[in-house]
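Novice: Chains as they are written, first to last, in the working numbering: chain A, 714 to 1077; chain B, 714 to 1077; chain C, 714 to 1077; chain D, 714 to 1077.
There may be inaccurate statements among the hints.
Copies of one chain are not kept apart here, so a pair can be met inside one copy or by any two copies together.
[Said to hold, decoys possible] Straight-line Cα separation of at most 35 Å, DSBU-like style, residue types lysine-lysine; simulated pairs:
id: 1; residue 1: Lys771; residue 2: Lys926
id: 2; residue 1: Lys771; residue 2: Lys1041
id: 3; residue 1: Lys1041; residue 2: Lys861
id: 4; residue 1: Lys1005; residue 2: Lys752
What the hints contain is simulated information worked out from the structure, not anything from laboratory work.
4 protein chains.
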Amino acid sequence: MRAGAGDAKPTAHAPRTAVAGISGFAGGELARLLLRHPKLDSTSPQFYSRAGETDGGKPGDLADLHPQLSAIRPESSKVFPFNWDRISDAGIELLYLATPHEQSREWVSNAIGRGIKVIDLSGAWRLQYPVNRNVYHFTDSDPQLAAKMQAEAIYGCPELHRDEIRTARLIANPGCYATSIILALAPLVQSGLVDLDCGIVCDAKSGVSGAGKAATSKTHFMYAADNLSAYSVFGHRHTGELLEQLNLTSDQIQFTPHLLPIPRGILSTIYLRFTRPVQSMDVTTIFREFYKYSPMVRLRDTPNLPNIQHVVRTNFCDLGFELSRDGKKLVVVSCLDNLLKGAAGQAVQNMNVMYGWEESEGLL
Amino acid sequence: MRAGAGDAKPTAHAPRTAVAGISGFAGGELARLLLRHPKLDSTSPQFYSRAGETDGGKPGDLADLHPQLSAIRPESSKVFPFNWDRISDAGIELLYLATPHEQSREWVSNAIGRGIKVIDLSGAWRLQYPVNRNVYHFTDSDPQLAAKMQAEAIYGCPELHRDEIRTARLIANPGCYATSIILALAPLVQSGLVDLDCGIVCDAKSGVSGAGKAATSKTHFMYAADNLSAYSVFGHRHTGELLEQLNLTSDQIQFTPHLLPIPRGILSTIYLRFTRPVQSMDVTTIFREFYKYSPMVRLRDTPNLPNIQHVVRTNFCDLGFELSRDGKKLVVVSCLDNLLKGAAGQAVQNMNVMYGWEESEGLL
Amino acid sequence: MRAGAGDAKPTAHAPRTAVAGISGFAGGELARLLLRHPKLDSTSPQFYSRAGETDGGKPGDLADLHPQLSAIRPESSKVFPFNWDRISDAGIELLYLATPHEQSREWVSNAIGRGIKVIDLSGAWRLQYPVNRNVYHFTDSDPQLAAKMQAEAIYGCPELHRDEIRTARLIANPGCYATSIILALAPLVQSGLVDLDCGIVCDAKSGVSGAGKAATSKTHFMYAADNLSAYSVFGHRHTGELLEQLNLTSDQIQFTPHLLPIPRGILSTIYLRFTRPVQSMDVTTIFREFYKYSPMVRLRDTPNLPNIQHVVRTNFCDLGFELSRDGKKLVVVSCLDNLLKGAAGQAVQNMNVMYGWEESEGLL
Amino acid sequence: MRAGAGDAKPTAHAPRTAVAGISGFAGGELARLLLRHPKLDSTSPQFYSRAGETDGGKPGDLADLHPQLSAIRPESSKVFPFNWDRISDAGIELLYLATPHEQSREWVSNAIGRGIKVIDLSGAWRLQYPVNRNVYHFTDSDPQLAAKMQAEAIYGCPELHRDEIRTARLIANPGCYATSIILALAPLVQSGLVDLDCGIVCDAKSGVSGAGKAATSKTHFMYAADNLSAYSVFGHRHTGELLEQLNLTSDQIQFTPHLLPIPRGILSTIYLRFTRPVQSMDVTTIFREFYKYSPMVRLRDTPNLPNIQHVVRTNFCDLGFELSRDGKKLVVVSCLDNLLKGAAGQAVQNMNVMYGWEESEGLL
């Protein structure tokens, strides 16, 4: 399952890229990253709204949606109403979808049909098994076509699927919680040392940007500030990603998300037991070996544990752990920025892999 | 203008009180204060919703609206749909309105007509001059009746209008920003020492609860947190209260509100010049003399200045000042809790004055 | 283990109380609660500093240490240097110690020897077994006397030890994390339904006041704000309280604390498995039965879970839970205010029990 | 006073740079900016500690001081104990001092004597007039040499002194508050339209990073969070910078700083009166004209006002204003990131000017 370093050849030219659905938090981060990406030239990226986000079909301005981006590259600051003809005319080769799940589900076949590669940041294509995907209640207008697309979709976690990503046409960019937990657990679960009978407990905490830009009673400052709350116990949509990517059953892993009173960042505290006592050095070796070709995962030396400030506004996932004195219980702490390694940054990392660039290009 | 200590006689019985419009932040604080007020008996208070806030006319539960109030006095926890007959049948003698401006404007005459006293927390009745009141765009269905009510309304700042409040039937509870600025300035302006030609500058900052419970782009955690923003420059609705209560023109005072990334509290920094050099002791004397009968105003000793933590969750307004070395420029800092001294707490303070109780009863 | 309602007789008079070590956060909350406690008369409480906290033996002022307490009861606002003669002369009958662990360990026998009851808020007397107590590294000057005191100490969790508290001379007020976890788990563990082989996982998160008033790199705003960090994994001092009060081994329960970017409040998320499938109603019954005489524990109805805002600035511990669909896995969420139910509030609750008053007296 | 665009020639080679005093917040930001600056090659920058910051003369690791910088450019991650011989041996040509005021005051002549240019981030060299500089209480060991250095120092605000900066050997990087106020006022004061008799009021608010990394009672989370406080009224050290750079007397401008409960960012609200009524367009023109060659100042279109989120983690200073209806009163809002445009970013901007690069190089 783990991806090797490979030897992809860099492509000769910079692909023409576009982002559809630029208004959200992840869209804004994606714009920022792409505008300063060293491998993209001045024709990239182009920005497109979701339906209804620009006034009467007239182009809007990126700085109106994301004021902190004004005056950075004024010539690239227009936001156009989404339109397939315009996309084709512009010769777009790579399309980022930062659109709602349903819209991504609907649009992808059109893009692929036009020969455009897609990196989709929604949950539309992450889950291969209907039993897991059911939580999204998709009603595909052309189920056969959807099934074909689904079969093509690669789960865009480069640390696990680097080789498949290189040649993929459709990347399903992982969920933020799922990324933080999968990166912490994949090496351990694959080692065969984890006692799966007792189950793995994942207690995850995320900043408010994870709840999206919509103003609701839960994103109201008066609810979120000075507070902490658990939600979606036994029922969060990212659970299916854990099951599929780690090859576990719902009896073997459970995950509880919490809403933190901070703008961004995820910290997951993960509890597991080993089937036999191990040494701290064994755990270190398992992680180091697994991530030796992965520049965006940093292992903190025990007893230092990562915290959210270490990773906020970076594309790193930081891992650290503490082993009980008897060598049988492990606590892993995994931190990342939900808008970067958990969304826009990982999307750019996937692009880097697809085009044979340094995996961390434009991300440091 | 300043109110003396007077010699009101305590009333013999506890009035039956009700709160209409219990769902907002001020309504919740009012419920908390009244439920534990020592002078109110077990029949008080009764809680009523605004229109549309309870499901199909069935009574709701206070703890659903304000979970932190659950299990305090379970027998008083019902919230009824607002209904004049029910109010009359219950023998309500004092009605708090924590309703939108327009609803307060409309309801008051009905209450007064039934012999019920009203303490209105909205902006409906605070402004006597149409030129100031216009910012609310009221369209009174019976303008003559509205004018009669308006003429009766007493601006509910006990430190300024204690005597009128004692006998009032309609109290217009002051705005939160206005209270913090008026209490800082009334003694100084009355002293005649302030240079009004250069104008008084009031730079005020408020926590997010001042923006209300509605989920909007401005109350979204991602906007309000880690931020500060100025708004309504030269145009905030509380400006009229400053003009009327301090007897100033708009050329003599200006006020800019800011949104602070905290749940509650207001700090106003006020800048003025004196017509002649004064001593720090003079300023202290002006304040102490003015507030000698006012238990809810605390003057901090220079050079200590109040800050928001000193007053949050209290009904105090804390004042402090710093005089320039030449004795000509003064900076006054005024702090209060916008939901208490700036809303619910001042409303209870007004009730205490109306019924001849200790002014700080139930507020310490 | 669970405490019944009993039938203690109220005592006839108000005990003279004092607080030693008034400068910290818990000391400030204790002052606030005692100053307005309905059963204490105007001679109570008296406030004493820790060594070195007042200038040259001169009394200080409570409002200098806790500005938000100024002007509440000015006649009770002095803080005296701690001195046993003064304590005796004042006829103190109940002494709260909000002092460092070591000082509490040293002072208690002196107080008991003078016939003064003690409620100690430190960790000095909470742990009966040396193997657990060793984490504090106490060096008792008179080990025999210390052992005698230790044997007398009652763990001051009224929900578990109400009867012993009534007649105790020395109350060891529980730790904040420990209280939140013990109240969530005691009913379940006693039910015999918990699968202890797989172990109970307690993921606890606390606001910064739990880290104390000392300015350190961890309590610096720039570290604590916009952050979350795990600490003391497998090694927090409150672990021993869990083991002793729940009668578990360190293999059966583990606990990881986290530092939340909020001033106060604890939320513990607790994961356990049942030995056989149960129904949601069974769990509700277990909790309701256990806490039927406990006014300070509130069970939220599933699927509502408590959050920190529900309990902050109250003495409640709120519990809620979610059961997996197969009835085998349970997640319990427990919330309390670390300075109240986790410290000063529980201390006052213990006083209420000791003197036969309503358990929630002065705490609602 | 305003600086023109000039026509400096780019230098051929990248200067060898070093930062002394790397441990603070500004030092960390400087490291981050220089490590990714496109014009600096792999030998730059070198990092040096302040005295006492590394253990026994052994080099430390940048990632230990600033964990978020780990794994970015591992080969440049060492922090050496400061030592003039090492600085000389390394051929350093440009030295950033992020050291305490006194150390900067002492070290500069040594650097200049060795032919090393200096950009000093402290307050050591910002003030030309002793009457203003006295607030720092410097005791120069060689007053004559200090006077010579002082005469050479250029106030490093490129928007005002671009030409002098190009050829300077010693740059006094401006204070954070001062930058935000000077950039807002310089165009207006120079226009001659401001009524200086009534005085300009500057109400400034800064995040906690402005208070430095030292753990104190004021930087404690429990003090800073959920709070706002004014401090140093009439006495802040940056006042002298305003007087000297704007050529005003202390009777013509006053400035009150406040501590905001956020990590970083400054918002200054500035109040002034015009000597005659003006139009909004006049004010816009004054700003646009003044800053036409200044890429790091952005003017927001009225009625949009900048807020702190627009500028945090950028080197921009955003300006916006609101004019009273009578055209006589102006409120200017000025926002910047105190660690970037208010410190490390402006320092890099100064380097860009000194070496003839794009002024925004490495800063977008």
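Novice: Does each hint hold? Answer for all of them.
Specialist: Status of the hints after comparison with the structure:
no.: 1; hint: Lys771 <-> Lys926; in the structure: both (23 Å within a copy, 34 Å between copies)
no.: 2; hint: Lys771 <-> Lys1041; in the structure: neither (62 Å within a copy, 38 Å between copies)
no.: 3; hint: Lys1041 <-> Lys861; in the structure: neither (44 Å within a copy, 38 Å between copies)
no.: 4; hint: Lys1005 <-> Lys752; in the structure: both (24 Å within a copy, 31 Å between copies)
Checked against the numbered hints given earlier, this structure breaks hints 2, 3; the rest are met.
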